[in-house]
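2 protein chains.
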Amino acid sequence: MREVAVVGIGETKFGSLPDRSLRDLVNEAGNKAIIDSGLPKEKIQALYVGNFNSSYLCGQSHMGALVSEELSLGNIPTLRVENACVSGGLAFRMGMMMVAAGVYDYVLVGGVEKMTHRETEVVTSALASAADSEFETTLGATFPSLFAMIANRYMYEFKSPREHLAMVAVQNHDNALLNPDAQMHKKITVEKALTGFPVASPFTLYDCSLITDGAVFAVITTSEIAKSLNQKRPLVEVVGSGHAGDSIQLALKKSLTTFSATVDAAKQAYDMARLSPEDIDFAEVHDCFTITQIINTEDLGFFEKGLGGKAVEQGLTSIEGKLPINPSGGLKAKGHPIGATGLSQIYEVTLQLRGEAGERQLKNVEIGLAHNIGGTAASCSVHILRRR
Amino acid sequence: MREVAVVGIGETKFGSLPDRSLRDLVNEAGNKAIIDSGLPKEKIQALYVGNFNSSYLCGQSHMGALVSEELSLGNIPTLRVENACVSGGLAFRMGMMMVAAGVYDYVLVGGVEKMTHRETEVVTSALASAADSEFETTLGATFPSLFAMIANRYMYEFKSPREHLAMVAVQNHDNALLNPDAQMHKKITVEKALTGFPVASPFTLYDCSLITDGAVFAVITTSEIAKSLNQKRPLVEVVGSGHAGDSIQLALKKSLTTFSATVDAAKQAYDMARLSPEDIDFAEVHDCFTITQIINTEDLGFFEKGLGGKAVEQGLTSIEGKLPINPSGGLKAKGHPIGATGLSQIYEVTLQLRGEAGERQLKNVEIGLAHNIGGTAASCSVHILRRR
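Here the protein sequences come in this chain order: A and B. Going by my numbering, the first residue of the first sequence is number 1, and it counts up by one from there. Going by my numbering, the first residue of the second sequence is number 1, and it counts up by one from there.
Keep in mind that the hints were calculated from the coordinates and are not lab data. From a predicted model like this one, the values you see are computed outputs, not experimental measurements. Careful: at least some of the hints might be erroneous.
You can't tell identical chains apart in this list, so a pair holds if it fits in one copy or across any two.
As a list, the in silico SDA-like pairs of lysine to any residue whose alpha-carbon atoms are at most 20 Å apart [as the list claims (entries may be wrong)]:
#, residue 1, residue 2
1, Lys267, Gly74
2, Lys322, Glu278
3, Lys322, Thr204
4, Lys253, Ala101
5, Lys13, Glu163
6, Lys159, Arg354
7, Lys227, Lys310
8, Lys254, Leu73
9, Lys322, Met1
10, Lys253, Gly74
11, Lys41, Leu252
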């Protein structure tokens, strides 16, 4: 397999963008990524698009073909991939693998979701289709309720205080304040997070990620070609990639407090990169709910099981800390345009490694990790990027 | 890249199956394919599922995870791919590429669609989402009307008689009579096809493919491993694969009577296989409408432009002919469970090459081709399989 690099990135502002269509989002982020790469558009040989549910939310399937047409990419092969909230992470993996395998030299990968134009109950239905429709959704389960059960179990097993969840929200809101693309620019306190509008006990509104419009794209090529481009910036290589699965039903999981898909995908990525969790300088970690971030940071090997919340309390995961988590603001505060989320993590990691992250730029970072899950961690991708 | 073989296949009966759920279909076809391979389930390392629009039709996205759980495949990585009607063909390509590239040794690929439980107008909406929602669907275009325009243009350009379209329908109905899995078991005549219920001029009901429930799966491994399995049947290798695209909007295509995505994908597959159209013994060709089959058989290089209909009239494409097309009955008469269709073509080609096609078994076939398009040929996959 050939070595692979990210040579172009582009994203839209995230948020409720009533005056911007699916096409507008694609157009902006896609063209930004291609322009950022410095490559002529004609070089792009294939396109992989992560999109969760425009079929239902926008009456638009076949997103690969739509994106290609909107970006005037000519008659290139396209593919939409969908694995719930890890659609973007897996679009990235497929594109990266096709370059690594030598099938293509230049691939555009992207993710997009347009959600805020629909009523909340329609969006809730669309999101619930990522769970098991027969054994979960039709019985009334939605993702806030499923992850609330996980949170309750976690707090019971590890005698972890409710406040730790709130601290995740506070930290991600703080980070988003420094990210101009973030949906949420609002400082909150632990007290405010704890007393927010109740969603599903123990969660308040502040424990839940956002409903967001947005798109993110990236251009992938081989490291060899990337070097020849003489870009006036550090080279960002993809040194590790993992993809794992678990049961779609929460009831069938072996544990509610360890996400085996995260553990497995991380192991693959670490092995491929010949790195261990201690080598990671910072990470974008899937935080659809506050508890998700805590559990995932443990399953990625960053903290001992049961101590993910304590790490937040101690400031270890802040942008000034030992291992910054979600400098972008995460799904919680940057926003969660489902199909774009995994690419948005790649965007942030690449930006940080290049040293182009502005006010939220981390110091001395060489290796970053992007972690994305779908459903109640029924699917997971992990990518490790390294500055050369 | 490593050489790849299809070592297991399974499909359900196609049709309106009101007593069978999405899960039932997956369970039957998936387990049949695995059993057919003779491999223990634990060997399967990854799963790629083609599914067009269960998000809308069944409230079920995240089909990779659902299929894996239903088939008890354990915690393997899964991915749903969607490119309208070529979702199945591209699930096959992704699985095949991942084995060829050495990422996995054993991959399960499948396609499934459950459609007939919804009202016709809901299914029409779901299908229309494969076109451009902004510039086609919302203006009233549906696929029958789009392909009817193509048919009218074709008949105008090549002075091709309306009867040729009807002859495609008659032939595919004839073939389906010999296929126990086919949805349609009904002999028709040219006269009947011409005078059927009008859909979009020139199409009658008999020019249109069916709304179908069904699932098809296949097990892929390397040719080297396949040989070591000592299966008591000929080895079926995947010797060529192509994937191409074109504009999603019909209005932006350079030609209405040549599908450039078919031409491009076929060229890739022929080049990879070091074969030419003359080497192909038979083919499963995408026939969502009768005109689609005619144009595609020309674009695949089987017949001169404008003579695809004449070839049907002359009997060249019948199962007794020089180049049998759609011995399965095709989308027209076997049925068109969208996400499963591309896999169903692979199923038929594999079965024929093994010599296991029963009453419709073709004589002396060594090389077969499977051709699958999405939308108005905005996406296309072509695969060439060879008996060794």
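In ascending order, which of the hints set out earlier in this document are inconsistent with the structure? Those not satisfied are hints 3, 4, 5, 6, 7 and 9.
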